[in-house]
Amino acid sequence: MTSRRFWCRDGATGWALSAPATLAVLCFLIVPIGAVIAGTFMDPRGAFAPYISYFNSGFRTTVLFRTLQISAFTTIISLIFGFMTAYVVSRAPAKLKSLLIVAAVFPLLTGVVVRAFAWLIILGRNGILNQTLLALGIVNEPLEMLYTQGAVIVGMVYLFVPLMVLSLVGVLENIPKDVLQASSSLGASPMATFRQVLLPLAVPGLIVGAVLVFTGSFTAYATPQLLGGERQTVLATLLQQRAMVSFDWVGASTIATIMTAITISIVLAMSHIARRINPMAT
Amino acid sequence: MSDRPHPILIAVAALVYLFLMVPLVIVVGAALSDTTYLTFPPQGLSLRWFENIFAISAFRRTIVTSLQIAFLGTMIALLIGIPAAYALNRFRVELPKWLGTLFVLPILVPEIVFGFALLKSLTVGAGVPIFAALLIGHTLIVLPYVVRVISASLASFDFAIEEAAISLGSAPVKTFFTIVLPNVRAGVIAAFILAFITSLNDVSVSLFLTGPGISTLPIQILAHVEQFFDPTVASVSVLLMFLTVAVMAIVERTLGLTFLAK
Chain F
1 MTSRRFWCRD
11 GATGWALSAP
21 ATLAVLCFLI
31 VPIGAVIAGT
41 FMDPRGAFAP
51 YISYFNSGFR
61 TTVLFRTLQI
71 SAFTTIISLI
81 FGFMTAYVVS
91 RAPAKLKSLL
101 IVAAVFPLLT
111 GVVVRAFAWL
121 IILGRNGILN
131 QTLLALGIVN
141 EPLEMLYTQG
151 AVIVGMVYLF
161 VPLMVLSLVG
171 VLENIPKDVL
181 QASSSLGASP
191 MATFRQVLLP
201 LAVPGLIVGA
211 VLVFTGSFTA
221 YATPQLLGGE
231 RQTVLATLLQ
241 QRAMVSFDWV
251 GASTIATIMT
261 AITISIVLAM
271 SHIARRINPM
281 AT
Chain X
283 MSDRPHPILI
293 AVAALVYLFL
303 MVPLVIVVGA
313 ALSDTTYLTF
323 PPQGLSLRWF
333 ENIFAISAFR
343 RTIVTSLQIA
353 FLGTMIALLI
363 GIPAAYALNR
373 FRVELPKWLG
383 TLFVLPILVP
393 EIVFGFALLK
403 SLTVGAGVPI
413 FAALLIGHTL
423 IVLPYVVRVI
433 SASLASFDFA
443 IEEAAISLGS
453 APVKTFFTIV
463 LPNVRAGVIA
473 AFILAFITSL
483 NDVSVSLFLT
493 GPGISTLPIQ
503 ILAHVEQFFD
513 PTVASVSVLL
523 MFLTVAVMAI
533 VERTLGLTFL
543 AK
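For the protein sequence lines, the chains are F and X, in the order given.
First residue of the first sequence? That's 1 in this note's numbering, and the numbers climb one at a time after it.
First residue of the second sequence? That's 283 in this note's numbering, and the numbers climb one at a time after it.
In short, the hints are calculated from the structure, not lab data.
Owing to the predicted nature of the structure, the values given are computational and were not obtained by experimental measurement.
In this text, a Cβ means the ideal position worked out from N, Cα and C, and glycines have one as well.
Among the hints, erroneous ones may be present.
Claimed, not checked - With beta-carbon atoms standing in for the labels, derived distance ranges:
hint : chain 1 : residue 1 : chain 2 : residue 2 : range
1    : X       : T317      : F       : I264      : 12 to 22 Å
2    : X       : V375      : F       : A182      : 33 to 43 Å
3    : X       : L327      : F       : A269      : 46 to 56 Å
4    : X       : L297      : F       : M191      : 13 to 23 Å
5    : F       : A269      : X       : Y319      : 40 to 50 Å
6    : X       : L297      : F       : N56       : 54 to 64 Å
7    : F       : E173      : X       : V375      : 42 to 52 Å
8    : X       : R342      : F       : A103      : 28 to 38 Å
9    : F       : E173      : X       : T318      : 45 to 55 Å
10   : X       : P323      : F       : S189      : 38 to 48 Å
11   : X       : P494      : F       : I80       : 42 to 52 Å
12   : F       : I264      : X       : Y319      : 49 to 59 Å
13   : X       : L300      : F       : Q196      : 26 to 36 Å
14   : X       : A340      : F       : P20       : 29 to 39 Å
As the list claims (entries may be wrong) - From the derived model, a few chain F residues whose C-beta atoms are all more than 10 Å from chain X:
hint : residue
15   : G11
16   : I30
17   : V36
18   : D43
19   : P44
20   : A47
21   : L64
22   : M84
23   : P142
24   : L143
25   : E144
26   : Q149
27   : V171
28   : L199
29   : R276
Stated by the list, open to error - A few chain F residues facing chain X, derived, Cβ under 10 Å:
hint : residue
30   : G14
31   : L68
32   : A92
33   : T110
34   : Q225
Work out the full structure: start from the sequences and follow the hints.
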């Protein structure tokens, strides 16, 4: 009788089983982050004072726009190369395909510090790229490649291209081959099939990939820290400096709130758009 | 349209893969170099920089801390995540939809914001010891992986089997351990591995939750790179990569790697 009652379809058991995880997220994630956000609106100088002083600082506004710019470039480059690569992977013979997927998963499982560090060896003043360029006589003195926006973008694209490839391979595989065959047998050139059939069908997947890459690069810390340094301060590195070096809690909380607000609005807006475009997508 | 992609596309894809692989090869090469500075191709092969990892006490300590946190955090996440994933699937009708979203929140909010929030409320606000705060942070960032991967394997589990066992007199808790859990074994292993690697490589949360004497390996690597530019960091990186390869080999053996791409 007791056992029968136990698996009766009542929600209480479900709630009880999910309670520990729910409480953990509530107590250690929602409440602390909520407190950070609420704190910025309870400033003695006035409700929006921290934000007014944030946007009055030329340096901090520059950091915000630089972060958005780096994320936008990273997203666009990753979309273009990720899509082309994913297309080739999705059409590869089965054996090669699983090898290519493994090759994309591997860098993803390698830590971000290791992956940023690799570019430090390549782009440094005495790095491999400079040595090669000097040896080939292309340049006469080493180029300053580190601590530039380009270095940060290269490092970020390196972080996120595998993610883009993996999320798009799944999408491209789900497009029925018949649709593409129908298009070409009705006389469309490969380019027309690509532009008018394949690309529109892949748009929801492209949006999901773009959101992942944009929010990921918008909040990344290790790569801009190592490859951009202080000259390319972004929101994440500024947040760390404010909190751990200057002990400016209000300033750090303001940056944290701005980052959270932008990230969540992008995720919500894009999932809304993706749903509008394709009612089948979730 | 033929099945074979355009040669230009194939060339681009080949270049992208080259771009993905070359930096990792360079790190391995630099780690094996006999020189005191970072260089590639390696000049003279040596393992001295691997020995140097263990000669530096900060690396020894942080490797131990990282492994402890990754193991404990993953175990706690499994302990609270498996019942949650089970409830989400078993009581899909009874439980509200937002509950599933709640468990994904830790990857939705920026990790660096989460780390800062934990510093502010736990370590500074409530005086929680650093190790405990680090453990809580890592448990939460791996929880979404655990819930999602195990939910995915439970989705293909036929709960009628469980009901059959219970109606034949098996106790519900015993049924869970003898019928349900063995059926989602692959999911549990995959969740463990994903969570362990995620925790081991985490930077953004650990960044704020380190203090005198307590730090994790990635944070120590960051600090080391900014002070010394010697091949030690390359060899630690290789060590981490080997760990990843070993873990991936285990996944490949048990589940097949395409599982991770899902």
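Now the hints, each set against the structure:
1. X/T317 - F/I264: 12 to 22 Å: violated (48 Å)
2. X/V375 - F/A182: 33 to 43 Å: holds (40 Å)
3. X/L327 - F/A269: 46 to 56 Å: Taking Cβ atoms as reference, X/L327 and F/A269 lie about 53 Å apart, which means the hint holds.
4. X/L297 - F/M191: 13 to 23 Å: holds (21 Å)
5. F/A269 - X/Y319: 40 to 50 Å: holds (48 Å)
6. X/L297 - F/N56: 54 to 64 Å: Taking Cβ atoms as reference, X/L297 and F/N56 lie about 45 Å apart, which means the hint is violated.
7. F/E173 - X/V375: 42 to 52 Å: Violated: the Cβ-Cβ distance is about 31 Å, outside 42 to 52 Å.
8. X/R342 - F/A103: 28 to 38 Å: holds (32 Å)
9. F/E173 - X/T318: 45 to 55 Å: holds (49 Å)
10. X/P323 - F/S189: 38 to 48 Å: holds (46 Å)
11. X/P494 - F/I80: 42 to 52 Å: holds (46 Å)
12. F/I264 - X/Y319: 49 to 59 Å: Violated, since F/I264 and X/Y319 (Cβ atoms, about 44 Å apart) do not stay within the stated range.
13. X/L300 - F/Q196: 26 to 36 Å: holds (31 Å)
14. X/A340 - F/P20: 29 to 39 Å: holds (35 Å)
15. G11: violated (3 Å)
16. I30: Nearest chain X Cβ is 7 Å from F/I30, so the label is violated.
17. V36: Label violated. Min Cβ-Cβ 5 Å, cutoff 10 Å.
18. D43: holds (15 Å)
19. P44: holds (18 Å)
20. A47: Nearest chain X Cβ is 20 Å from F/A47, so the label holds.
21. L64: holds (14 Å)
22. M84: violated (5 Å)
23. P142: holds (14 Å)
24. L143: holds (17 Å)
25. E144: holds (16 Å)
26. Q149: Consistent with the label, F/Q149 stays out of reach of chain X, its closest Cβ about 19 Å off (over 10 Å).
27. V171: Holds, since 12 Å exceeds 10 Å.
28. L199: holds (13 Å)
29. R276: Given that every Cβ of chain X is farther than 10 Å from that of F/R276, nearest at about 20 Å, it holds.
30. G14: holds (3 Å)
31. L68: violated (14 Å)
32. A92: holds (9 Å)
33. T110: Where the cut-off is 10 Å and the nearest Cβ of chain X is about 6 Å from F/T110, the hint holds.
34. Q225: With a closest approach of 7 Å, the F/Q225 hint holds.
Violated hints, listed in ascending order, are 1, 6, 7, 12, 15, 16, 17, 22, 31; each of the other numbered hints is respected by the structure.
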